[in-house]
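I would like the entire structure built from these sequences, with the hints used as guidance.
Under my numbering, the first residue of the sequence shown carries the number -17, and numbering increases by one thereafter.
Don't read these hints as lab results, they were simulated from the structure. Take the hints with a grain of salt, since some may be wrong.
[As the list claims (entries may be wrong)] 30 Å max Cα-Cα, derived DSSO-like pairs, lysine-lysine:
1. LYS235 - LYS297
2. LYS388 - LYS322
3. LYS(-9) - LYS302
4. LYS234 - LYS297
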Amino acid sequence: MDNKFFCAKPNGKLHYPHTMLTGFGFMAVQIAWIIYNAYVPLILRENSTIANLAWSSTAVGIIMVIDNIFGVVFQPLFGRISDRTHTRFGKRKPFLMYGIPLCALLFIFIPRIQVLGILMLDIIVFNFLMSTWRSPVVAMMPDFTPSEIRGEGNAIINIMGGIGVVLGTVAGKIITFIVPSATEAQIRDNVFVFGSVVMVVCLLVVLFFVKEPDSRITKEESLRIKADYEKANPTSDEKQSIKSMGLTKGEKKSLIFMLIALFFNSNATDSINTYFTSFATTELGFSSADASLVITLFAAASVIGALPAGKLGQKFGRKKTIMSGWIGVLVLFLTYALTKWDPLLYIAIVCGGILIAFVTINTLPLVLEIGGLDRVGTFTGYYYTATFSASIVGPVLVGGMFDLTKLMTPDGQVNYWSLFIYCPICFALALLCMSQVKHGETQTISKETIDKIKEENED
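The following block contains the structure:
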């Protein structure tokens, strides 16, 4: 029998090696997207059909938002489908078994296709297939982990995703090191091959080393598992019985406000990642390379802060940890915008990255706690609906703000300093929404839960 608590030790603590193995699935997601977002806009701009359009930049922007639209539409759907999937491979693995190989194959062809119609077909099918297995792969860790230690588990998953981002970022350098004489076009083609190979390797790791239980269980067995969980968590008895009929009014309110808060948070963080290079080169006189290095510090700091963020959420509560992260980054960004003191930029970026980890690591476990045991995939989909919606709407809002700054300046130039006003406003709105979230916390892991984990490990 496969262990239902694959990511937990018999003493109730997180099993780090097992959680890292589970995180290989998320690594596959992240390496694909970092390469896709870095290279596909360039590929589209170089396509002769798009290059000859008067509105070529708009066309590229529309194509690049397809992944976000598909994420909003299909991720909740396939998360829900995976919750109801019963196979000998488990609930989540079947989606990876078809999704990753097909995506890896389509990925290889993206830089090689010259005909726009065929390229668009490849991109659309690739984005659709990616949206069918992202929610299931992210739902694996919560499936294998008691609620009480999911924050810490989510930190490990994000670190594994960060490794995927790093691999995707340095893929071009790796290809150059292996083939020093490669042309720019050959390097780009092989970067996509490299990404596909890593995706398939990640799939093999998950298939052979991650033990997902057989989900072909009878109704009676399902009821027994629910009863065991409720017995092990007596404080949530009433909540679980209500969940069988749907969320309570209070839980629905908490979920809605949590998702809106996530929307504002993603608006801010996406804006930083997208426009910081423009800010640094235009307002501070940085070179593009130096600006890229500084924003890389933001991402690196988020990875460094992941594990402490999970532990803080476990010790002090998810809501308090999330809100402290927003308050901290809001103060840092506003202070920098008002003082324009250069050394404070690095403090704001590095500390801001760590504080944002307080948010990202604890929000998914909070959303899943509201959803309950049987709807992990569904509520993972809701989580990504909120963040992907921000990726669709955010560029429009930020672009509109920059256009307004042109009207307000004598020379008609964009004032990129407004980025450090826009982001704190988003964080403040997220804080207001978070103040209305009253559910999603968890208790300290109980002796009954530990006994259940021991029983599963012995089996």
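inquiry  = Check the hint pairing LYS234 with LYS297 against an upper bound of 30 Å on the C-alpha distance.
reply    = The given pair, whose Cα atoms are some 25 Å apart, holds under the 30 Å limit.
key: Given pair status - LYS297, LYS235, alpha carbons within 30 Å   = This hinted pair holds, its Cα atoms lying about 25 Å apart.
key: Proposed proximity, LYS322 with LYS388 (alpha carbon, max 30 Å)   = Given pair LYS388, LYS322 holds - Cα atoms ~20 Å apart, limit 30 Å.
request  = Sort out whether LYS302 lies within 30 Å of LYS(-9), counting only the CA atoms.
outcome  = holds, 27 Å
Going through the hint list in order, the structure satisfies each hint without exception.
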